[in-house]
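Asks: Using the sequences plus the hints, can you model the full thing?
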Amino acid sequence: MSNNTFYNEIINEHNLNPYHKHSIEGANFSLEGVNPSCGDDIVLSLKVEDGIIVDGAYEGDGCAISQASADIMLDLVIGKSREEALRLADIFMRMIKDKITDEEKEELEEAGILESVSHMPARVKCAVLGWRTLGEMFEAK
Amino acid sequence: MTDIERKIREEFPLIKNTTLAYLDNSATVQKPQCVMDAVTGFYEKDNANPMRGLYELSLRATDVYESAREAVARFISHSGSSGEIKEATEKNPITGEKVSPEEIIFTRNASESLNLVAYSYGMNFIKEGDEIIVSVAEHHSNFLPWQQVAKVTGARVVWFDCEADGSFSIDTLKALITDRTKLLAITQVSNVLGRVNDVKTMAELIHEKGGVIVVDGSQSVPHMDVNVKELDADFFAFSGHKMYAPMGIGVLYGKKALLEKMPPFLYGGEMIESVTKEKTVFAEVPHKFEAGTVNAGGAAGLEAAIRFIEGYGFDFIKEREDMLTARAFEKMKNMPHINIIGGEKEEDHHGIIAFQVEGVHPHDVSQIFADSDIAVRAGHHCAQPLHKHLGIMSSTRMSIAFYNTEEEIDRFIKVLSSIRSRMGYK
Numbered sequence: 001m002s003n004n005t006f007y008n009e010i011i012n013e014h015n016l017n018p019y020h021k022h023s024i025e026g027a028n029f030s031l032e033g034v035n036p037s038c039g040d041d042i043v044l045s046l047k048v049e050d051g052i053i054v055d056g057a058y059e060g061d062g063c064a065i066s067q068a069s070a071d072i073m074l075d076l077v078i079g080k081s082r083e084e085a086l087r088l089a090d091i092f093m094r095m096i097k098d099k100i101t102d103e104e105k106e107e108l109e110e111a112g113i114l115e116s117v118s119h120m121p122a123r124v125k126c127a128v129l130g131w132r133t134l135g136e137m138f139e140a141k
Numbered sequence: 001m002t003d004i005e006r007k008i009r010e011e012f013p014l015i016k017n018t019t020l021a022y023l024d025n026s027a028t029v030q031k032p033q034c035v036m037d038a039v040t041g042f043y044e045k046d047n048a049n050p051m052r053g054l055y056e057l058s059l060r061a062t063d064v065y066e067s068a069r070e071a072v073a074r075f076i077s078h079s080g081s082s083g084e085i086k087e088a089t090e091k092n093p094i095t096g097e098k099v100s101p102e103e104i105i106f107t108r109n110a111s112e113s114l115n116l117v118a119y120s121y122g123m124n125f126i127k128e129g130d131e132i133i134v135s136v137a138e139h140h141s142n143f144l145p146w147q148q149v150a151k152v153t154g155a156r157v158v159w160f161d162c163e164a165d166g167s168f169s170i171d172t173l174k175a176l177i178t179d180r181t182k183l184l185a186i187t188q189v190s191n192v193l194g195r196v197n198d199v200k201t202m203a204e205l206i207h208e209k210g211g212v213i214v215v216d217g218s219q220s221v222p223h224m225d226v227n228v229k230e231l232d233a234d235f236f237a238f239s240g241h242k243m244y245a246p247m248g249i250g251v252l253y254g255k256k257a258l259l260e261k262m263p264p265f266l267y268g269g270e271m272i273e274s275v276t277k278e279k280t281v282f283a284e285v286p287h288k289f290e291a292g293t294v295n296a297g298g299a300a301g302l303e304a305a306i307r308f309i310e311g312y313g314f315d316f317i318k319e320r321e322d323m324l325t326a327r328a329f330e331k332m333k334n335m336p337h338i339n340i341i342g343g344e345k346e347e348d349h350h351g352i353i354a355f356q357v358e359g360v361h362p363h364d365v366s367q368i369f370a371d372s373d374i375a376v377r378a379g380h381h382c383a384q385p386l387h388k389h390l391g392i393m394s395s396t397r398m399s400i401a402f403y404n405t406e407e408e409i410d411r412f413i414k415v416l417s418s419i420r421s422r423m424g425y426k
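Order-wise, the sequence lines are chains A and B.
Oh and the first sequence: position 127 is 127 in our numbering, straight run, nothing missing.
Oh and the second sequence: position 395 is 395 in our numbering, straight run, nothing missing.
By construction, these hints were calculated from the structure, which means they are not laboratory data.
Values in this document were obtained by computation on a predicted structure and should not be read as measured data.
By construction, the Cβ of each residue, glycine as well, lies at the ideal position given by its N, Cα and C atoms.
One-sided and incomplete, this derived list gives chain A residues near chain B with beta-carbon spacing under 10 Å:
no. : residue
1   : F6
2   : D40
3   : D61
4   : I65
Pairwise CB distance ranges (calculated):
no. : chain 1 : residue 1 : chain 2 : residue 2 : range
5   : A       : K99       : B       : T172      : 54 to 62 Å
6   : A       : V54       : B       : E163      : 45 to 53 Å
7   : B       : K426      : A       : V54       : 31 to 39 Å
8   : A       : R94       : B       : V152      : 39 to 47 Å
9   : A       : R94       : B       : K127      : 54 to 62 Å
10  : A       : S23       : B       : A164      : 26 to 34 Å
11  : A       : S23       : B       : Y425      : 21 to 29 Å
12  : A       : E109      : B       : M323      : 46 to 54 Å
Replies: Here you go:
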């Protein structure tokens, strides 16, 4: 496995200077996602109006993969409909845990760089934390 | 690699030709060929169900198993080892009380040993309102069983906190001990801090109140001379796999008088004198605690591991491990953005250095090490209360065995010093 370059500029940038790591006002969806065994812990908050995610943010801490992945996810889903976000989360989960097509990977945009995590069983939980929390949040309501 | 390093590594098939720097020795160590040969040898030459048959082969199997028990008894009666196999001779008498083989119970691992004490001793001799003192540095396996005992019996768990440098103050313990104190659960060496605790003094204090001390020796027996009689431990638990033996064989030492009054932990085959529909008479110790067919192959491996350790001797093993610890520690303590957990001196660490890299999560730290072919551990190391007490979420741990090399330590240091820049810090 050539993951010597796994911590690339994109991951490092989203981890060190996250765009969406803050609190937001008027969130109507909020859920905590935790990986108890490694200590990744985020609270994902979304503001959804007329079925569209108009704003979103997360707070918390954890490893670079969990934090960067959540930040990248928010880049992708803000401005999209709830259903579209769920569909993208499903593609992401399949990318990490199984396989996806090239077309699907393209839809994930920057999140596609996390594909190599699928070969790192110990980091799968980290990479999917934000996406799993998004799915649980929408399915619960 | 030095000549002696080459000689040692030649004994370990997994590491002799690998580029992996294995620095996760507190989790488990690699196995020397002689241990694997002993396990195979049992199944090739001596395999029958020990203690059952009257035929020669079964007697041999019993001998292998009981010989391992004697080796363990000798191993934890060491004092001031020079590496010689300790057997009393006229010229070299063993002074002081020795562990009797009857005081050695074979289990699967230290966790099972500690559960045995909790279920058999704890559940029966600890009552509502009693107090169980547990050190905050315990591995979960010497805390969770006591949490259960407290829950079932109505006793209370009292935390014995360490100082910021990871040391345990005898004065703190004195203040915690009351007339209700029945038991102290403490590790001889913490798997995060690496410091040796003054178990002997703690045992004295707890005995003054009529309580017992349960010592987790998992991280001490592979690395230093241990004499449980001198420590006056009532129970002492450890795993074989951390001391070069196979996984699946562990030990509980218990003072005979205590073991005799304790009920069995598991019920089944070969732990009885007689069984009728109405009444069962249990076997004597230690067999009372070894229900079912035993792990005789594992026991053979454990005896081989003890002989392996004694062949090198703890003077040699400890000197090498201290030297390697110092080599890493000296560099780490002056490295910017590296915070070492526990003692500020290398001699406080005994081959275990847990640390944090500022701004980088331990899982990322250990991932970078993994990418560089270095095995270290990240997380809470099954010691969540300790991490919480020290105010940290988790840490990365490097841990040393005497087969590690100076070159491996240097590689570790080189990677460590590059981590922040690899994570995008300027």
